[in-house]
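Engineer: Take the sequences, apply the hints, and build the full model.
Residue-level listing of the chains:
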Amino acid sequence: MKLLLKNIAWAALVLAPLVSVAQTALDDAIAKKTLTVAIPTDFPPFGFVGTDLKPQGLDIDIANYIAAKLGLKAELVPVTSANRIPYLQTRKADLVVSTLGKNPEREKVIDFTIAYSPFYQAVFAAKPLVLKGPADLAGKVIGVTRGAIEDMELTRIAPASADIKRFEDNNATVSAFVSGQVQVIATGASVAGTVMQRNPQLGTEFKFVLKESPNFIGVAKGEDKLRLKVNEILIAAKASGDLDKLALKWLGRPAGDLPQ
Amino acid sequence: MTVTLDFGAVLAEWPLLLKGLVMTAALTAASTCAGVTLGVACAWGRVHGGTAVKAAAAAYVELIRNTPFIVQLFFIYFGLPGLGIKLAPEAASFLAMVINLGAYAAEIVRAGIANTPRGQIEAAQSLALSPKQVFTRVVLPPALQRVWPALTSQIIIVMLGSAVCGQIATQELSYAANLIQSRNFRAFESYIVVTALYLGFAVLLRQLLAWAGPRWIFGRPAAAR
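In order, the protein sequence lines correspond to chains Z and V.
The first sequence stops at residue 466 when you use my numbering, and every number in between is there.
The second sequence stops at residue 234 when you use my numbering, and every number in between is there.
By construction, these hints were calculated from the structure, which means they are not laboratory data.
Now the stretches of chain Z that chain V is said to cover, found in silico as 3 or more residues with beta-carbon under 8 angstroms:
#, region
1, 363-375
2, 385-395
Listing some non-contacts, in silico: residues in chain Z with all C-beta distances to chain V over 10 angstroms:
#, residue
3, D233
4, L276
5, P284
6, F318
7, L337
8, P340
9, G345
10, R404
11, E411
12, E418
13, K435
All residues carry an ideal CB built from backbone N, CA and C; glycine is no exception.
Structural biologist: Here you go:
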C-alpha cells in the first residue's frame, strides 16, 4: 500500500508539467536563461552527429541563432521523427527545430512559426528498378520512417500491395535500405543525398517526389508569445540574409521564397 | 493546458492494436517453445557434453547474456544481410528472441540440474537406465519443476523485451502504439492502452505457464498424483 501511494505520488510529480498553464514558455525560458530546443541527430545535413560527437547541421544552427537573438543559452535535446511532437506536448522542449513539415493533423495539436528552410520528400531506389509513380510501388518493399511526412504521404498514395516497413528513426530506415532489407526508400532529399554519397555501390537514384514540404518550427499549442517572437527573428534573418547564408552553408542553395 | 484524455481516438484503431497483440503473442509462443528447447539442450551440453560442446555452450551463454537484446536484434536484421542472409523483420525478431531466451534458459535449467541429489541419479543408474533415459526421465523433470518459476519470469521478460522488435518494423504491440501516436499524436493515451495490454498479457501468460508446467512439461507434483 505504501508502495502504491509512493507510485501515485511519483506519477503525480511526473504528470504535473502536463497541467501547467499555457503562454509561459518564453517567460520560463527567460527566467531559466535557457531555451530548450528539440533537434534531430539522424537527419543530415539538418541535424547529425559530427566526428566530435556534437550535434551539428542547419537545424542546430537555427536553434542556436534563435537562442542567441533571444539572449538565451540553447539547450539542445535530440529527438526522433516519432517523438518530437510529444516532446512539445509534454513541455520537454520550448521549440522543435527538427525538419518539421506542416499539415492539418499536426496543426490541431501544436502551432507553427513561419518556414525557415526548403525541403522535399521523395522515393529513391536503385537504377534498374523502374518507378515512375505511386502505381509502380505495387509489390515492392518500401522503407520509411514512422510518423514522418513521407510516411503519411506514402501511406496515402501507395497501392495496397505495397509492403511498407516503418522504422523508428531515419538511421534505421537507411540501414534497412543499405543492407538490402527494403528495395525502395521514401525519405527526405537530404537523407537520400547522404545515402548516395556514402554508398555509391548501391546506384541509388531519385524516382519521384512525394511532397514539397518546407520546414517549420513547432511551438506548443497556444504559445503565441513565443511563436510571434520567433517569427520576428526569422523575418529579420530573412531580410538580413542570415537565413540564406545558413541554407547555403548546409543545403548548397539559398533558402529562397518560403511560405509564411 | 489541462489534460483531456481521448481514449476513443486510440481505441478506434483497435484492429491495429489487435494485430499487434496477436503478433506479440505469436512471437512469444513460438520463441518460448524453441528457446526453452534450446536452453535445455545447452544446459545438457554444459553439464554432460564433451570439452568442445561445453566450451561452445559456455561461449554462447556468455555472449548473449552480456550483450543487449536490441544489439542482437540489429545484428541479425541489419548485420546478417552483409553475409547474404536476409531475414524478414518477423523472422529476425523470432530468431533474436529464441537466441536470447535460449541463453538465459540454459543457465536457469543448468541450476536446476546441478541441484539434482546424487542418490537420485545413482538410483536410476542402478535400475540400468541408459544415460539418455536418466537425463530425460529422472534428472530433467524435477529440475524443470524446481526452476519453473524462474523460467516463467524469464519468458515474460523476453515477451516484454519483444517491444523493441518494432524498431525493425515487426508489427507487434508497441509498434502499433507508436504508429497510432505518430498518426493522431495521442501519445499519452496510446501508451496507457498498450501498458494495460502488456500488463494483462503478462499476468495471463504467468497464469498459463503456472497451469501448463505441471500438466505438460514436468508432470504432476508427486503429492498430487
